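S.K.: Spelled out, the chains give:
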Amino acid sequence: MADQDMLENDEPLLVAESLSKSYGRIAACRDVSFSLYPGEVLAIVGESGSGKSTLLQLLSGQLAASGGQVSYRMRDGVARDLATLGEAERRFLFRTDWGFVHQDPAQGLRMAVSAGANVGERLMAVGWNHYGRIRDTASDWLTRVEIDIARIDDAPRTYSGGMRQRLQIARNLVTEPRLVFMDEPTGGLDVSVQARLLDLVRSLVAELHLAVIIVTHDLAVARLLSHRVMVMKGGRVIETGLTDQVLDDPREPYTQLLVSSILPP
Amino acid sequence: MTAMIDITDANKSFTMHLQGGIELPVVSGVTFHVNPGECVVLSGPSGAGKSSILKMIFGNYRCDSGRIGIRHRGEVIDLATAEPRQVLNIRRATIGYVSQFLRAVPRVATIDVVAEPLIVNGLARAEAQARAGELLHRLNIPERLWQLPPATFSGGEQQRVNIARGFISDLPILLLDEPTASLDAANRAVVVELVAEKKRHGVAMVAIVHDDEIRHQIADRIVDVTSFAAAA
Chain A
1 MADQDMLEND
11 EPLLVAESLS
21 KSYGRIAACR
31 DVSFSLYPGE
41 VLAIVGESGS
51 GKSTLLQLLS
61 GQLAASGGQV
71 SYRMRDGVAR
81 DLATLGEAER
91 RFLFRTDWGF
101 VHQDPAQGLR
111 MAVSAGANVG
121 ERLMAVGWNH
131 YGRIRDTASD
141 WLTRVEIDIA
151 RIDDAPRTYS
161 GGMRQRLQIA
171 RNLVTEPRLV
181 FMDEPTGGLD
191 VSVQARLLDL
201 VRSLVAELHL
211 AVIIVTHDLA
221 VARLLSHRVM
231 VMKGGRVIET
241 GLTDQVLDDP
251 REPYTQLLVS
261 SILPP
Chain B
266 MTAMIDITDA
276 NKSFTMHLQG
286 GIELPVVSGV
296 TFHVNPGECV
306 VLSGPSGAGK
316 SSILKMIFGN
326 YRCDSGRIGI
336 RHRGEVIDLA
346 TAEPRQVLNI
356 RRATIGYVSQ
366 FLRAVPRVAT
376 IDVVAEPLIV
386 NGLARAEAQA
396 RAGELLHRLN
406 IPERLWQLPP
416 ATFSGGEQQR
426 VNIARGFISD
436 LPILLLDEPT
446 ASLDAANRAV
456 VVELVAEKKR
466 HGVAMVAIVH
476 DDEIRHQIAD
486 RIVDVTSFAA
496 AA
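Line order of the protein sequences matches chains A and B.
Under this note's numbering, the final residue of the first sequence carries the number 265; numbering is consecutive throughout.
Under this note's numbering, the final residue of the second sequence carries the number 497; numbering is consecutive throughout.
Just chain A, same shape as in the assembly (with noise of 0.2 Å):
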C-alpha cells in the first residue's frame, strides 16, 4: 500500500497556468489551467481548430505562450518555469524526461537508418556508449512494442504504418521519461492496427507509470487510455473531468454533440 499513498500525496508533474497563445487578433489558445500528476493520463479532445495541438506546443515548450506560464517539476523535485529554462536544458528535458509521439511517424523518427539506431541514439544521447548494451536494450524495446528483432538492422521506411508508430514509441520511451505528449498518435492508422497500439500503449504506461498528455479527436481513444479529459472548442476548455465521466454524463452542448456523434461499433 506504500505506493498507494504515494500517489495520492505527491506533487504535480506539470502545472499550467493561465496559457494563451494568440497570433495577431486570433486567440488560439486561451486561458487554460490545470495540474498533472505522476502516473496520470489526460486527454484534450476537440474537432480540429479547437486548439488541442496549440496547447500540446505550449505545454512541451515548443511554442512561446503569449500569457500563463507551464511549470516543470524536474527529477531533483524542484519545479520551474519552462519559459526560463535554457535551449539547453530544454533539450536535455526531451531527451531524458520527456517523450513526444507524433501522428506521422516519420516526423519522430530518422526513417534512412536502422530501427535499432533509431532507439539507440536516445541512449547515446543521455550518454550510453557501450554498443552491446545499447543493441541489447534496443532489441528489448523493439520486443516491448511487438516488432520482430529480425527486423532491427532495416530503417523504418521499410516498415508498415503501425510499425513504424510502435518503433516511435520504443524510441520515446527507452530512456524511461516521466511524461509524453502524444500528439493523435492512432491519427493515420487502419482501425484493426489502432486497437492493437492503444492496448499496447495502455499496457506501457501502467506498467511504467507515466504521465500521458494525449491529443486525439477520438473520444474513443480518450475513454480507453485517460483518466481525465479536457474539451477544448474556439480554443477554451469548455468542460473538464474524469473521462467516463465527461463521455457518459456530458453537461456542456459541444460536448454532448461529440459524444452524441460517435457512430455505435
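Any given hint might turn out to be false.
Partner residues are not named here, just some residues of chain B that face chain A (Cβ under 10 Å, in silico) [as the list claims (entries may be wrong)]:
1. Phe279
2. Arg336
3. Val373
Here are some of the chain B residues that sit facing chain A, going by a computed Cβ distance under 8 Å [said to hold, decoys possible]:
4. His282
5. Leu283
6. Pro290
7. Gly324
8. Asn325
9. Pro349
10. Arg350
11. Val352
12. Leu353
13. Arg480
14. Arg486
In case anyone wonders, no lab produced these hints; they're calculated from the structure.
This one's a predicted model, so the numbers in the text were calculated from it and none came from an experiment.
Note that CB positions come from ideal geometry on N, CA and C, so glycine has one too.
Following the hints, complete the assembly by docking chain B onto the known chain A.
M.R.: Just chain B, lined up with the frame of chain A:
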C-alpha cells in the same frame, strides 16, 4: 456503526442541449445509507433511476446537488464534490462496480482481465492470477478459455468474467448492477454465495436485482427508488 455510504438529498437530472435544452429529471431527494456487511437492494420499475443512483455512487454520473458520503481510508469524502484524482483513488481503494456488461479490452486474456484490479493495487502477477483462476473456477469458466480474450465469449460467460473481476478485490464497497441477469441457476447460486462471503468480510453493497428469489436471498434491506421519483 459508521456507514460506508451515506447519501443525503442527492438530485440528478439531464439537460439535453441537442433536444432544445429539455430537462430530463432522473431522481431527487435520494437519501439512504449502507453499513459495513450490509447489502441494500434498490427496487423499482425500469426507468425509476436505479442504475443512475449506482452510477452516482461510483462517480460516473455527477450530482446536481446533495451529498454522497463515502468512507475512504477511514475518512468520509463527499464524492459529489471530490476532485477527479480523489474519485480515482476511491475507485482504486474503496469502491468496486460490477456493471451489467463487460467492457472488454481487445487482446487481453481473460485471466488478466480478472486479475487486473489486484495487480493495480500492487499484488504480484502470479498471485493475482492464482486468485483469478480460483474465482473463474467457481464461476464455471473452463480453464481452456482463460488465456483467450473474453470478447468472443457468450453473454453469460462474459458476465461471469465480469463478476469475477468485480469480486476479486478486497474493496470495502461493491456496487452490483444486475449481477445475475443472464446466468443459469447454478451460477446464480455461486453469485449468492459470493455476496454472502463479502458480507462476512464487512463489505457494504448496493445491488440492483430483478429476480425476486435472488433479491430475497441477498437483500438485508430494500430501498424503494420510486420514492425518489423526480417531479417531472
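S.K.: Restraint: histidine 282 of chain B near chain A, CB-CB cut 8 Å. Satisfied or not?
M.R.: 4 Å, holds
S.K.: Could you check if leucine 353 of chain B really has its C-beta closer than 8 Å to a C-beta on chain A?
M.R.: 6 Å, holds
S.K.: At a threshold of 8 Å, is the proposed contact between proline 349 of chain B and chain A supported by beta-carbon distances?
M.R.: 5 Å, holds
S.K.: How about glycine 324 of chain B: closest beta carbon in chain A under 8 Å, or not?
M.R.: 7 Å, holds
S.K.: Any CB of chain A closer than 10 Å to the CB of valine 373 of chain B?
M.R.: The hint holds - valine 373 of chain B has a Cβ within 10 Å of chain A, the shortest such distance being about 7 Å.
S.K.: Tell me if arginine 486 of chain B is really an interface residue toward chain A, meaning its C-beta lies closer than 8 Å to one of theirs.
M.R.: 27 Å, violated
S.K.: Against chain A, is arginine 350 of chain B within 8 Å by beta-carbon distance?
M.R.: 6 Å, holds
S.K.: Classify the hint on leucine 283 of chain B as holds or violated, based on whether any CB of chain A lies nearer than 8 Å to its CB.
M.R.: 6 Å, holds
S.K.: Under the criterion of a CB-CB separation shorter than 8 Å, is arginine 480 of chain B in contact with chain A as hinted?
M.R.: Check failed: Cβ of arginine 480 of chain B comes no nearer than 26 Å to chain A, outside 8 Å.
S.K.: Can proline 290 of chain B be said to touch chain A, with a Cβ gap under 8 Å?
M.R.: Where the cut-off is 8 Å and the nearest Cβ of chain A is about 14 Å from proline 290 of chain B, the hint is violated.
S.K.: Under the criterion of a CB-CB separation shorter than 10 Å, is phenylalanine 279 of chain B in contact with chain A as hinted?
M.R.: Hint holds; phenylalanine 279 of chain B Cβ to chain A Cβ min 8 Å, cut 10 Å.
S.K.: Quick check on the hint: asparagine 325 of chain B CB to chain A CB, less than 8 Å?
M.R.: OK, holds: asparagine 325 of chain B within 8 Å of chain A, min 5 Å.
In the structure shown, a violation is registered for the earlier hints numbered 2, 6, 13, 14, in ascending order.
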